[in-house]
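K.L.:
Single-letter residue listing:
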Amino acid sequence: MRFFSSLYPLAFIMVSGVIALFYVSHTTLTSWFRRDVCFSQPSITFVELPSEMHMSERVQYKQPSVLHGRSDVASVTPWLAPIVWKDTYDPVVFDHIYKNRNLTIATTVFAVGKYILFMHDFLETAEKYFMVGFNVHYYIFTDNPKAVPEVKFSPGRVKTIIEVPGSKRWQEISSRRMEMIQKTIEEHIKDEADYIFCLDVDTKFYDYWGPESLGTLVACLHPGYYEQQRESFPYERRSASTAYIPNNEGDYYYGGAVIGGLVGEVHKVAKTCRENLELDASKSIEAAWQEESHLNRYFLYNKPTKVLSPEYLWQDFKAKTKEIRTIRFSQVIKNYAEVRPNQ
Amino acid sequence: YKDKIMPLTICNLSSHNFMLISIFYIIFSQHSERSKVLLQHGVGLSKTLTHIPTKVLTMKLQLMRGDVLTVTSWLAPIVWEGTFDSAVIDGIYKPLNVTIATTVFAVGKYITYLKDFLESAEKHYMVGYNINYYIFTDQPENIPAVTLAAGRSLWSLRVPAFNRWQEISLQRMSFIRKAIEEQIRKEASFIFCLDVDMRFDNHWGAEALGNLVAVIHPWFYQASRDSFPYERRPESLAYVHADEGDFYYGGAVFGGLIDEVYKLTGTCEEHLVIDKGKDIEAVWQEESHLNWYFIYNKPTKLLSMEYLWSDEKVKITELKVVRLSTIKKNLAAVRPN
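Same order as they appear, the protein sequences are chains S and L.
Those letters in the first sequence? Residues 1 to 343, by the numbering used here.
Those letters in the second sequence? Residues 1 to 337, by the numbering used here.
Hints listed in this document are in silico derivations from the structure and should not be mistaken for laboratory results.
Among the clues, some could well be false.
Unchecked claim - Here are the simulated BS3-like pairs of lysine-lysine, each with C-alpha atoms no more than 30 Å apart in a straight line:
| no. | chain 1 | residue 1 | chain 2 | residue 2 |
| --- | --- | --- | --- | --- |
| 1 | S | K152 | S | K99 |
| 2 | L | K94 | S | K271 |
| 3 | S | K190 | L | K263 |
| 4 | S | K114 | S | K168 |
| 5 | L | K320 | S | K86 |
| 6 | S | K168 | S | K99 |
| 7 | S | K99 | L | K94 |
| 8 | L | K263 | L | K278 |
| 9 | S | K168 | S | K86 |
| 10 | L | K320 | L | K123 |
Unchecked claim - If we take Cβ atoms under 10 Å as the criterion, some of the chain S residues that face chain L in the derived model are:
| no. | residue |
| --- | --- |
| 11 | L80 |
| 12 | A81 |
| 13 | I97 |
| 14 | L117 |
| 15 | I333 |
The model shown is predicted, which means the values in this text are computed figures rather than measured ones.
In this text, a Cβ means the ideal position worked out from N, Cα and C, and glycines have one as well.
From just these sequences and the hints, can you work out the full model?
P.N.:
Structure below.
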């Protein structure tokens with residue numbers, strides 16, 4: 001009798017434990033459901049905006065026309081991803097859709113060696129034009145943390161400086177970006193941001209760059225090649241390289257200076273490109289344009305869900321063409337001999 | 001004494017383990033919540049590592065369609081002939097082996113449209129993809145025998161026959177929502193909800209797939225928003241103000257990811273029930289509620305009028321191909337009221 005009476009409290013604990021477990025799993029699952037997490041088959045693989053384009057209130061804006069849009073440029077790719085040009089979208093609608101979602105946009109930028117000199121203008125113009133009104137977390141990779149300039153940030157915008165080794169070769173600095181981006185996403189960014197943009201530092205903002213640029217996987221058309229045929233794209237053409245693209249393939253030539261998307265997607269880009277760069281290095285091959293070649297190969301097989309027009313990546317030395325109605329982000333004119341550690 | 005201690009320790013350990021397991025479960029699930037949500041909505045296109053065969057297309061940024069709008073003001077593509085490359089689209093979607101649920105309501109005399117609908121769908125609709133047709137009908141025994149291609153199957157779901165056609169229309173949202181909950185979500189990744197009194201005439205394919213897909217109504221694409229037939233009485237939850245609205249969407253075609261359409265049908269059902277409680281029926285039944293929903297939850301892809309035309313309309317030059325068309329019919333003959 002004493003044996004059994006001592007079992008009662010234990011049985012009680014066990015049963016409560018089981019009930020608690022069921023209760024907890026039930027409420028956790030239903031709260032996931034209420035948060036509208038996709039409960040259908042996993043791996044919905046898909047080329048589009050991830051979240052609802054939800055507006056919580058009435059907004060006034062001009063009615064769009066079915067039969068009239070910009071007739072001088074293609075505003076959609078053959079896989080139906082939008083190509084973002086000025087006057088193809090309404091900033092009012094976008095501001096309302098994204099306003100209350102409290103998103104954080106991570107922004108990585110590499111300023112190694114003398115490239116730290118570009119940091120000030122980059123940050124200052126970013127504060128004026130880039131994702132204004134959003135939480136932005138800059139991740140500045142540099143071998144000279146003390147030289148990072150103090151720039152006044154608007155509320156909700158912060159920076160983290162990450163020290164990285166310098167290099168005697170600019171090509172190596174360029175190639176190692178992928179590894180750094182991958183690691184930093186894994187160690188910090190995945191818990192701190194929703195979207196990420198990886199931008200070049202030797203560039204300045206001249207006009208607004210806003211939430212119209214957000215998407216699951218975002219690439220940008222290189223300003224030097226958007227008018228050319230695929231055979232003249234500077235893809236890597238040696239079949240021994242993992243970045244190889246033959247002459248009769250390729251959609252666009254994307255610029256390595258701008259990569260964006262959901263953190264999870266850009267992580268995949270960085271990881272794959274890094275692995276391919278290492279494979280090439282083991283065979284003593286360096287692709288024609290380093291990680292930009294690998295990026296182009298990645299985007300051929302993993303099509304971006306949104307493509308930014310060359311408005312989002314211009315070059316100061318290029319004259320504006322008639323299709324370009326505004327320049328938002330442009331590479332500054334520089335003396336390569338002065339800023340690069342090698343030729 | 002030993003005999004008492006042994007069972008004590010084992011029982012203790014088990015309940016202790018239960019507690020530990022449940023604690024770890026909670027902690028783990030909360031921590032990875034954010035990344036889970038992000039990844040679940042992710043692209044996953046990288047799974048397609050096989051090379052996508054590309055046609056020789058001039059990828060210059062030349063204009064493919066300069067005569068129509070190909071992207072909305074919120075950057076959702078509008079699908080027209082010439083804007084997409086089927087080879088690329090199929091290269092992306094076919095390897096994913098997705099199943100596309102397709103609901104259609106064939107109640108009362110509308111069951112007579114089912115044969116042509118299914119036969120033409122087998123020829124033109126999502127050819128080469130796995131399709132589950134879900135036929136909502138009051139007469140499952142009258143569903144015509146149509147040969148379905150491989151990977152395509154048909155389910156019948158019984159619904160009551162109403163004596164008002166408006167009632168059938170209104171209840172669709174509720175039936176679809178229930179069917180998604182009880183069955184469809186386990187069987188498909190995408191869903192399209194189509195009207196039955198229609199016929200496929202040309203390719204209607206995977207270029208239509210998207211998170212949340214609507215079609216531009218063939219009768220109102222040129223109208224200004226204040227003449228769209230939105231519900232204009234403020235008492236209804238489908239009320240749209242005269243200076244609101246993007247496009248007027250057709251209720252005959254809507255679709256998307258299962259959970260997106262689940263949200264849509266759930267919201268419309270709720271609104272329909274509330275309206276009914278106030279004795280108000282929106283001017284175009286569930287199409288009015290759908291249009292309200294799409295103003296506040298913008299579709300991520302729009303289908304042009306190629307994807308929903310009408311036999312009664314004269315083709316316009318911008319329409320290079322008619323893919324799906326509502327059949328001209330004698331309304332008095334087929335409607336119960």
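K.L.:
Are the hints correct? Go through all of them and say.
P.N.:
Hints, verified against the model:
1. Pair hint S/K152 plus S/K99 holds up; C-alpha atoms about 23 Å apart against a cutoff of 30 Å.
2. A distance of roughly 25 Å separates the Cα atoms of L/K94 and S/K271; the hinted pair therefore holds under the 30 Å criterion.
3. Using a Cα cut-off of 30 Å, the hinted pair S/K190 and L/K263 holds, with the two alpha carbons roughly 27 Å apart.
4. Taking the CA atoms of S/K114 and S/K168, the gap is near 12 Å; set against the 30 Å cutoff, the hint holds.
5. With a C-alpha separation of about 27 Å, the suggested pairing of L/K320 with S/K86 holds against the 30 Å cut-off.
6. The straight-line distance between the Cα atoms of S/K168 and S/K99 is roughly 44 Å, outside the 30 Å bound, and the hint therefore fails.
7. Proposed proximity of S/K99 and L/K94 is contradicted: the alpha carbons are some 36 Å apart, above 30 Å.
8. In summary, the hint linking L/K263 to L/K278 is supported, as the alpha carbons are separated by about 23 Å, within the 30 Å threshold.
9. With a CA separation close to 40 Å, the supplied pair S/K168 and S/K86 exceeds the 30 Å bound.
10. Distance check on the hinted pair: L/K320 and L/K123 sit about 19 Å apart at the alpha-carbon level, within 30 Å; holds.
11. The interface hint given for S/L80 holds, since its Cβ lies 4 Å from the closest Cβ of chain L, which is under the 10 Å cut-off.
12. Restraint check, S/A81 versus chain L: the minimum CB separation of about 7 Å is within 10 Å; hint holds.
13. Because the smallest distance between the Cβ of S/I97 and any Cβ of chain L comes to about 7 Å, under 10 Å, the interface hint for this residue holds.
14. Among the interface hints, the one on S/L117 is violated; its C-beta lies about 34 Å from the nearest C-beta in chain L, farther than the 10 Å criterion.
15. Interface restraint check: S/I333 against chain L, minimum CB-CB distance 25 Å, threshold 10 Å, status violated.
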